[in-house]
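Just so you know, the sequence shown maps onto residues 1 to 354 in our numbering.
There may be inaccurate statements among the hints.
[As the list claims (entries may be wrong)] Derived lysine-lysine pairs resembling DSSO-like cross-links, with alpha carbons at most 27 Å apart:
#1 K133 / K224
#2 K341 / K51
#3 K21 / K199
#4 K225 / K199
#5 K199 / K231
#6 K140 / K199
#7 K284 / K199
#8 K133 / K225
#9 K51 / K225
#10 K199 / K224
#11 K225 / K284
#12 K225 / K50
#13 K21 / K50
[As the list claims (entries may be wrong)] For each label pair, taking beta carbons as the anchor points, the in silico distance ranges come out as:
#14 S338 / H128: 37 to 47 Å
#15 K51 / D162: 35 to 45 Å
#16 R145 / E345: 52 to 62 Å
#17 E141 / H104: 37 to 47 Å
Hints in this document: simulated from the structure, not taken from any laboratory.
Backbone N, C-alpha and C fix where the C-beta goes; we use that ideal spot for every residue, glycine too.
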Amino acid sequence: MSLLSETIQKIPAIDQPFYDKALERLANQARPAGSLGLLEEASARLAAIKKTLDMRLPNKYILTCAGDHGIVAEGVSLFPQEVTAQMVYNFVSGGASINVLARHAGADVRVADFGVNHDFAPDLPIFHKKIAKGTRNFYKEPAMRRDEAVSAIEAGIETVNDLCAEADVDMIGTGDMGIGNTSPSSAIIAAFSGIAAEKLTGRGTGLDDQGLSHKAAVIETALKKHGPDPKDPIDVLAKVGGFEIAGIAGIVIGAAARGIPVLSDGLISTAGTLIAAELSPATKPFLFAAHQSVEIGHQYMLDRIGLQPLLHLNMRLGEGTGAALAMEILDAATRVLSEIKTFEEVNIINAPEN
């Protein structure tokens, strides 16, 4: 049995009795029923995942996954490919946006190289999981072979296993780095949904109208040429995906198998999350959407998975920045459940009916 199949089979169901107990406590707290919105649903699911009404999530990690993309040869990004490797070094040195926001959230940032077009020194403190030096140009040929796509997913599973072998892990946020990676992400949701690429493609690094139109046309042409099968997530990934997107899919599956909640960041992270959810719907109870990206395809991804974003901040950076911010929201959700008193506990009588 492959690592992927074995890990999917290990994904547990969340604990329904704890979920029901959490909902009951939330409904009886001394406040109007439902008044804390998404915090209530999040806290109930966390209770079911952690099997306690008094959850604590002190050990937080952002896994920022990096990879390069052959599609940049078609002029779909304003930035050169070399920026991917440069940003990996920036993450390691602690100077990037994700480092700042993760520190604020009390989370550690770890980088995983799944396919950067650069030779990193073996002693660089990242997860060295490179499948190849970038995907192929999917405008002309499939982005990767099917076996490469599976290997990249399994490398993501291995990353979670490696992380858990060295530390206690209570929550994982996914992040990304890869110049050109909004194109494969948009192609992935177009392949699954059947919606035209022009309705799903955003400006990425800041393309003007002409650049945006060109980018959408490149994606649409590639989809027609390769015909990815929406009933076969690995086929979609192999034909129009990215190595870091595959790695994120593996991280989601690996975390779910260990009962670890996962915060998906923006467009690219959610593309990986979508692949994972299509491969195994059992991952869905462990998934939380950090925020709503301004990238147009993101909402379609969230709708397909069935996730509601915790934040709306008009962000489109990636790296795991939204996930880091939303970690503080999930921390708050744990306190909502355990610390807000019920009507009975504070001896309020004649409470309104829920």
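Here's how the hints hold up against the structure:
Using a Cα cut-off of 27 Å, the hinted pair K133 and K224 holds, with the two alpha carbons roughly 26 Å apart. Taken as a hint, the K341 and K51 pair is honoured in the structure, with Cα atoms around 20 Å apart against an allowance of 27 Å. Taken as a hint, the K21 and K199 pair is broken in the structure, with Cα atoms around 42 Å apart against an allowance of 27 Å. Annotation: proposed proximity of K225 to K199 holds, straight-line Cα distance about 19 Å (limit 27 Å).
Of the pairs offered as hints, the one joining K199 and K231 holds, with about 21 Å between alpha carbons and a cut-off of 27 Å not exceeded. Of the supplied pair hints, the one linking K140 and K199 holds, its CA atoms being roughly 22 Å apart against a limit of 27 Å. Under the criterion of a C-alpha separation no larger than 27 Å, the hint pairing K284 with K199 is consistent with the structure, at around 26 Å. A threshold of 27 Å between alpha carbons decides the hint, and for K133 with K225 the separation of about 24 Å falls inside it, so the pair holds.
A distance of roughly 48 Å separates the Cα atoms of K51 and K225; the hinted pair therefore is violated under the 27 Å criterion. At most 27 Å may separate the alpha-carbon atoms for a hinted pair to count; K199 and K224 meet this at roughly 16 Å. Between K225 and K284 the CA atoms are separated by roughly 31 Å; this puts the pair beyond 27 Å, and the hint is violated. Taken as a hint, the K225 and K50 pair is broken in the structure, with Cα atoms around 45 Å apart against an allowance of 27 Å.
Annotation: proposed proximity of K21 to K50 holds, straight-line Cα distance about 13 Å (limit 27 Å). Here the CB-CB span from S338 to H128 is close to 40 Å, well matched to the stated 37 to 47 Å. For the hinted restraint 35 to 45 Å between K51 and D162, the CB-CB distance of approximately 25 Å leaves it violated. Restraint check, R145 to E345: a C-beta distance of roughly 59 Å satisfies the suggested window 52 to 62 Å.
Distance hint check for E141 and H104: the Cβ-Cβ separation is about 43 Å, which falls inside the suggested range of 37 to 47 Å.
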